[in-house]
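Produce the complete structure using the sequences and hints provided.
Residue numbers (our numbering), protein chains in the order written: chain A, 1 to 307; chain B, 1 to 303.
Just so you know, the hints here were simulated from the structure itself, not pulled from any lab data. Since the model is a prediction, treat every value here as computed from it, not as a measurement. For glycine and all other residues, C-beta sits at the position ideal for the given N, C-alpha and C.
Okay, the calculated bits of chain B under chain A, using three or more residues with CB under 8 Å as the criterion: (1) 47-59; (2) 115-121; (3) 164-174; (4) 200-208; (5) 234-245; (6) 248-260; (7) 268-281.
Not everything, but these chain A residues come out facing chain B in the computed CB check (under 10 Å): (8) 19; (9) 26; (10) 94; (11) 98; (12) 102; (13) 174; (14) 236; (15) 291.
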Amino acid sequence: MLKRDRKKNLFVISFLAFPMFLFLLYWVGTHITSVMIVFQKFTYLEGARVRTWVGLENFRLFFEALFITKDVMATAFKNSLLLYLLNLVIAWPLYITFSYYLFKKFYGHTAIQIIVLIPSMLAGFIMVMLFKYIIGINGPIALLYYKINPEGIFVSPLLDNRYQFGTIVFYNIWMSFATSLIIYPNAMRAISQDVIDSARIDGVKGMFMELRHVILPLIFPTLSTFLITGFAGIMTNSANLHTFFEWDAPESLYNMGYMIQRLTMFGGEQVYGYATAAGLVIAMFTMPLTYFLKWIFEKYDPTRDSV
Amino acid sequence: MSMEKTKKTIVIEGIEKALMITVAVILALYCLSLLLPIYWMLVTSLKDGQLAYLENPFGLPTGIRLQNFVDTFGRLYVQAVRDGSMAYYWADVLVFNSVVYSVGTSFWSLFLTTMCAYVISKYKFRGRRFLYNMGVFVMLFPIGAELAAEMYLRQRTFTYNNLYTYILTSPTAAFSGVNFMVMYAAFRSLSWNYAEAVFLDGGGHYTVFFRIMFPMISPMFMAWYMLTFLGKWNDYMSFVIWLPGYPNLALGMFYFQELAHIYRASTPMIMAGFTVILVPTVVLFLLSRRLMLTKINVGGLKE
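Here it is, written out as structure tokens:
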């Protein structure tokens, strides 16, 4: 019995040891490093790196940028929230409607499911570049414009500050359907036909009733997982800004994901403390809200009692 | 298949029918909007130079010109610093880096995740519940916002700007994330009786995992592997941030388009490069289409 237990324990340890090592080194380690460097400032004097303890200076600079000077950091913060909200309001109802359409196997459902996977196949970067090229000054739309209006001057919506943010939002929503249109229809298909039949006997008639009273409650765990993880990533999503503009995006388009990437890549170690302060404050902002969201979803999960 | 006779029959009439037709039209337009750029890319990649493209930006090419592909790969290079010295990396190296990174990272991270999911779902040990909850916590507390701290740490642990150590250490939280949740749920649904039968036959825990349990979830593993691979093949940001000395094909094409005037690249050449990047992903997708469309499912966060 003891030998059997020892073998089992060794097996468990052998499977978990390396992942735990990586976790401790790079996840826990990153957070410990954050706490260490957030109170420091690195400067270079005659080629030598000098480390100075600056107390809460990095936090002060971050909050000052956010609330007092309201510089690009405030814009980035606002844009990150706006991107998430717009996605929630515009895209989520469409994800559900389209998924239900595919689940019910209406016209062309197989072809649609294959085609919507294209953004996943091409992934962000090629689609972004194609999109950028197509609406750019050398792209086919510009050429078409000049054929119709030879005297006019074509301005790409990506270069016109009236349409830049809208174009970025449009692109990110346009490309966001692939995962949802695989996962939600699959979650719907996992619902037992008996449940649907019983609901029908109980008076569920028509699509709206079926969707509202049967399908949505039963796929709620899947929906809530994506809503929660989407919220958790709200401040790390860069909305493909680097692919659109490399490191030269207009400041009015900055979001927190892009902002922190840019600070880290360009600022060097001199701004690591400031960038980390921003990251830590963001984490402190999103973490309790994410947990609150998770708690709410679990409390009101319609499948809770049936499991 | 008509609107009235769907597999899971439900009567659709009146306003619901009209709405579903509207949805069908919107979906058709959406699909068209996804296909058109691809069509334009393929057609343009075959055109005979910049002039042919400018004269006829949308139409089919007058003749098929494969020279664009040759020209693109003859001119594609990335200048990068590795181990303190600047070097030019040509297309063959870029392809090599892409293959090593996408195959290696996808497999390694998913395999470690599968191992964690298996023991956490099937074995009772002290800390099991803590690990599961920690996984959920990590999922909700993404590390991306602390990029500077991770950069600082990786620069000091030899995993910054080193393709192989980066791949090896890329799964920083293997017991977290959507992949983990999926694998965890898959193992939970498998009966432990299979393992008991193996133990009776004298087999051990490794036999149970590698011969019984893993093969049973392998279709799901393959589906998620394909999905992860597609993402990694097209990933260039990791190379910008973590591996600047190991440029891959995606990064090469990114610069090729951004700096087209330096590479003397015409629009058809750029599109030829994009097309080549697309080929492996399309082939893989076609091979695994059924798996990807049916085996990818995600449940809730609660254990």
